[in-house]
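Taking the hints into account, I'd like the entire structure generated from these sequences.
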Amino acid sequence: MKQFTSIKDVDNLTDLLAIAKKCKETPYQYQHLGKNKTLGLLFFNASLRTRLSTQKAAFNLGMQVMTMNIDKEGWQLELEEGAIMNQQSQEHIKEAAQVLSQYCDCIGIRAFASLEDRTKDYEEHLLQKFIQYSSVPIISLESATRHPLQGFTDLLTIEEHKKHSRPKVVLTWAPHPKPLPQAVANSFVAWMQQAEVELVITHPKGFELTPSVTQQTPVVYDQEEAFQEADFIYAKNWSTYAPYGQVGVDLSHWMIDTAKMALTNQAYFMHCLPVRRNVVVEDAVLDAPTALHIAQANNRTYAAQAVLLKFLQDD
Amino acid sequence: MKQFTSIKDVDNLTDLLAIAKKCKETPYQYQHLGKNKTLGLLFFNASLRTRLSTQKAAFNLGMQVMTMNIDKEGWQLELEEGAIMNQQSQEHIKEAAQVLSQYCDCIGIRAFASLEDRTKDYEEHLLQKFIQYSSVPIISLESATRHPLQGFTDLLTIEEHKKHSRPKVVLTWAPHPKPLPQAVANSFVAWMQQAEVELVITHPKGFELTPSVTQQTPVVYDQEEAFQEADFIYAKNWSTYAPYGQVGVDLSHWMIDTAKMALTNQAYFMHCLPVRRNVVVEDAVLDAPTALHIAQANNRTYAAQAVLLKFLQDD
Amino acid sequence: MKQFTSIKDVDNLTDLLAIAKKCKETPYQYQHLGKNKTLGLLFFNASLRTRLSTQKAAFNLGMQVMTMNIDKEGWQLELEEGAIMNQQSQEHIKEAAQVLSQYCDCIGIRAFASLEDRTKDYEEHLLQKFIQYSSVPIISLESATRHPLQGFTDLLTIEEHKKHSRPKVVLTWAPHPKPLPQAVANSFVAWMQQAEVELVITHPKGFELTPSVTQQTPVVYDQEEAFQEADFIYAKNWSTYAPYGQVGVDLSHWMIDTAKMALTNQAYFMHCLPVRRNVVVEDAVLDAPTALHIAQANNRTYAAQAVLLKFLQDD
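Residue numbers (my numbering), protein chains in the order written: chain A, 1 to 315; chain B, 1 to 315; chain C, 1 to 315.
Check the hints yourself; a few may be wrong.
So the derived label-pair ranges between C-beta atoms look like this [as the list claims (entries may be wrong)]:
hint	chain 1	residue 1	chain 2	residue 2	range
1	C	Pro204	B	Val247	52 to 60 Å
2	A	Asp11	C	Leu13	48 to 56 Å
3	B	Gln128	A	Pro289	21 to 29 Å
4	B	Leu263	A	Lys35	57 to 65 Å
5	C	Leu33	B	Pro204	47 to 55 Å
6	B	Val247	A	Thr119	51 to 59 Å
If you're looking for bench data, these hints aren't it; they were derived computationally from the structure.
Being a predicted model, the structure only gives us computed values, none of them experimental.
Every residue, glycine too, gets a C-beta built ideally from N, C-alpha and C.
What follows is the structure, encoded as C-alpha cells:
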C-alpha cells in the first residue's frame with residue numbers, strides 16, 4: 001500500500017480488516033517495527049478523535065509522533081504552480097511536502113473541503129499536491145471529499161456487530177445547521193460497496209451525492225421506507241453536491257428518533273462524531289444500548305494502526 | 001484512588017506524600033508501570049507549569065502523553081443535558097468523555113472558573129460532567145474551584161522546609177489587577193487543614209472564602225498581625241466569593257514586601273505562580289533566599305508523578 | 001559547550017561538524033545518552049522546519065520532547081527588571097526560565113526580532129534574559145539577530161557539496177514583500193567566515209548588514225558581478241539595518257533567476273526556507289538539480305542533533 005487516501009488505495013481489504021482486528025486484540029506486539037519511525041500529523045482543521053486515536057495507534061506501534069496545526073503554527077501554504085508569491089502565502093507545498101518527508105516516515109494530513117470550489121475539492125487539490133511532492137506514505141485524516149479512516153472504522157464496527165451475513169445498512173442524511181463536507185458520506189458508501197452488506201442511501205431530494213460515488217447503490221427518498229428492516233442506521237449530514245455546499249431549509253423532520261428506529265430490525269445506530277444531539281439524532285437513540293458511536297470511535301485507533309502497520313511492513 | 005480532583009479523593013495522605021518524596025529521589029524507577037499507558041492532557045486555559053510538569057511526570061513514569069488545547073484544536077463542548085445543539089456547541093461532553101476514555105488511561109483537565117455563575121463554578125459543572133461520562137481516572141489540572149495538584153505540591157514543599165513540627169502557615173490575600181478564581185486559595189486551605197500546621201488566613205474584609213472551605217480556620221483581617229511569628233507566608237490573590245468575582249479597589253497596600261516579611265519568624269515566601277512582581281509581591285521578597293516559589297514549581301512534577309503512580313498501581 | 005546561540009558558543013567547529021556527519025550516518029547510536037532527558041521547545045513565532053527537525057533530532061537521541069507555543073498556550077512574559085506588573089504581562093521571565101530549567105535538560109527558544117527597537121534586538125534582550133535565569137543549556141531556534149542552527153546546517157551542506165577546497169560562496173539579498181529580520185544573513189556570514197570558503201556579499205545599497213557582522217567580508221553592490229565564478233549562491237531577504245527594519249522599493253530585479261545563475265560556475269542554489277517562489281527566486285532555479293534547499297532542510301536534523309549530543313556528552 002503506497003498511501004491511504006481512499007479505499008482504492010487498499011490492495012487487499014480482507015487482509016487489512018484482519019490486521020485491524022489483530023491490532024485490537026494485541027495492540028503492542030508490533031513495537032519493534034515502529035522503533036525509530038516518526039509519524040507527522042498535520043492539521044488544517046479541528047480534530048479530536050482523529051488527532052488522538054492516530055497518535056495512540058502510532059504509540060501502540062512504538063512510533064514517535066509530531067503533531068502540528070500547520071496553518072497556525074507553520075507558514076501559509078501556496079498550492080498553485082507558477083504562483084508569484086507576493087501575497088499571503090509564505091511557503092509552497094512543493095517545499096513543505098519535500099521537507100516534511102525528510103523528517104517523517106509517514107505523514108497524516110487533515111484538510112477539509114472549502115465547499116466553495118467543487119472542482120478543486122473533488123480533485124483533492126491540496127492532498128494530491130502534497131502526495132505529488134512527498135516521498136513517504138500519506139495517510140488521509142479526512143480530505144476534501146473522503147474520510148477513509150472513518151470508512152474503514154465503520155466497516156470494522158459493522159463486521160464486529162452484524163447478526164447475519166448480509167445486513168441491511170442504511171446511510172441516512174440528517175439535519176445540521178451548517179454546511180458540512182460530503183467526505184464521510186462518500187467514504188461510507190465506498191467502503192460499504194466493498195462489503196458484504198445491502199446498502200441503501202436515503203436523503204431529501206437535492207442532496208444526491210456525486211454519481212461517481214453512488215454508482216448502483218439504491219437511493220430511497222422516503223426515510224421511513226428506507227429504515228424498514230435495517231440492521232444498521234448510519235446518520236450523517238452533508239451539504240448539497242449540486243449546487244455545491246448548500247444546507248436545506250426546514251428539514252428538521254429528517255432527525256433520527258426512536259420512532260424511526262422502531263421501524264428497523266432493532267438496528268444499531270452509527271455516527272462518526274462529533275454529533276449535534278437533538279438536531280442530527282435524538283438523545284434517546286444515542287443513549288440506547290444499540291448506539292455504536294462510542295465503539296466506532298474506539299475502532300479509529302485500530303483502523304489507523306492497521307494502516308500504519310501496513311506501511312511499516314512494506315517499508 | 002479513583003480520581004484526583006480534591007484532597008477528599010486522597011485515601012491516605014501520608015502515603016501519597018511518601019510516594020511523592022520517593023518519586024523525587026528516584027524518578028525513573030517505576031517506568032515498567034507506565035509502559036504502554038497514555039496520559040491525555042486537556043486544556044481549556046493557559047498553562048505553563050501544569051502543562052510541562054505533568055508531562056514530565058508522565059515521562060518519568062514511562063507513559064506516553066497526548067496534549068490538546070481542546071477548545072481551540074477540537075470541538076466546542078456542550079455541557080447541558082437534553083440540549084438541542086443547533087447553536088455554537090458541536091460535541092456533547094458525554095461523547096467527548098467516553099471517546100477520550102478509550103484513547104487514554106488517565107485524563108487531566110484544566111478548566112478555570114467562569115467567575116460569572118458561582119453555583120455552576122462551585123458545583124464543578126464541567127469537571128463533574130466529564131467524570132460522570134469518563135471511564136478512566138481524572139486528574140484535575142485546576143478546576144473552577146480547586147487546584148489539588150498545587151495544594152499537594154505546597155504541602156510537600158512545606159514538609160521539606162519546615163524547621164519545627166508545627167509551623168505557623170499564613171495564607172495572605174494579595175493585590176492583582178484582574179479578577180482571579182478562588183481555586184488555589186481553596187485548595188491551599190483544604191490541604192493545610194490536613195497537615196500538622198497552624199493555619200491562619202488573612203485578607204481584606206469582603207474577600208472571605210466560602211465557609212465550607214474555611215471551616216474552623218482563623219481569619220485575621222489585620223495582615224501585619226497575621227504575619228507575626230509566621231514560618232511560611234503563602235500569597236495569593238482571589239476575587240470575592242460574595243458578590244462573586246469582584247476585585248477590590250485601592251488594596252495595593254496588601255502587597256507583600258520586605259517590611260512585612262520582617263514581622264515573621266524569618267518566614268519562607270510561597271506563591272503558586274505565575275506571579276505579578278511588584279503588584280502581588282515585591283521583587284526583594286521573590287529574589288531573597290527565603291523564596292520557595294521555584295522549589296514549589298519543581299515539586300509540581302513529583303506531586304503529579306505520585307498521583308499518576310497511584311493510578312498505575314491501582315490499575 | 002554551555003549554550004548554542006551563536007557560532008561564538010562553539011568551542012571546536014571541526015569537531016562539531018564531524019559529530020553532525022556522524023549523526024547523519026548513524027542517527028540512533030547515541031540513544032543511551034538521551035534516555036530520561038527532556039528537551040523543551042518554546043516558540044514565540046511560527047516554525048515548520050525548526051519545530052520538526054529539532055524534535056526529530058531529539059527523538060534520534062532517545063530524548064523526550066515538550067513543545068509549547070509559549071505566548072499562546074502559556075502566560076505573557078515580562079522582560080524588564082523592576083517592572084510593576086499591573087499591565088498585560090503575567091509572568092516574569094525570571095520565573096519562567098528558572099521553572100522551565102527544572103522540567104527540561106535543555107531548552108530551545110525561538111523569538112524573532114521586533115524590527116522596531118534595534119538596540120534591544122541586537123542586545124538579544126529576550127534570549128539573554130532567558131539565559132541569565134536558566135540553569136540548563138539554551139539552544140537558539142532563531143533569535144532576534146541570529147539563526148545559528150541554520151548557519152551550522154548551511155556550513156554542513158556546503159561541506160557536503162563543495163567541488164574544490166575553497167569554493168566561492170555568495171550571499172545575495174533577494175526581494176520580499178515584507179520586512180524580515182537579519183538573523184539568517186548574520187549567521188550565514190558568521191559561519192562562512194569560519195569556513196574554508198571565499199565569501200562575498202551582494203545587496204542593494206542601503207541593505208548593509210551591521211559592520212560587526214560583515215567585518216572584512218567584501219560587499220559587491222553589483223549582483224551580476226558578484227555571481228561571477230560563484231560555486232554557491234545563498235539567497236535571503238533581509239530588511240535594512242539603518243534605518244532599521246525597512247523594505248526597499250522596486251527591487252524586484254534582485255530576484256534570482258536562471259540568467260543570473262548562468263553567470264556562476266554552475267553554482268548550487270541555497271535558501272533556508274520558507275521561500276516565496278517567483279519573488280525571491282524563480283521556479284526554474286528551485287526546481288533545478290543544483291538547488292540544495294531541500295538538502296539544507298534535511299541537514300537541520302543533524303545540526304540540531306550534533307548540538308544536543310554535545311550537551312548530553314558534557315552533562
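- Which of the stated hints cannot be reconciled with the structure, identified by number in ascending sequence? none
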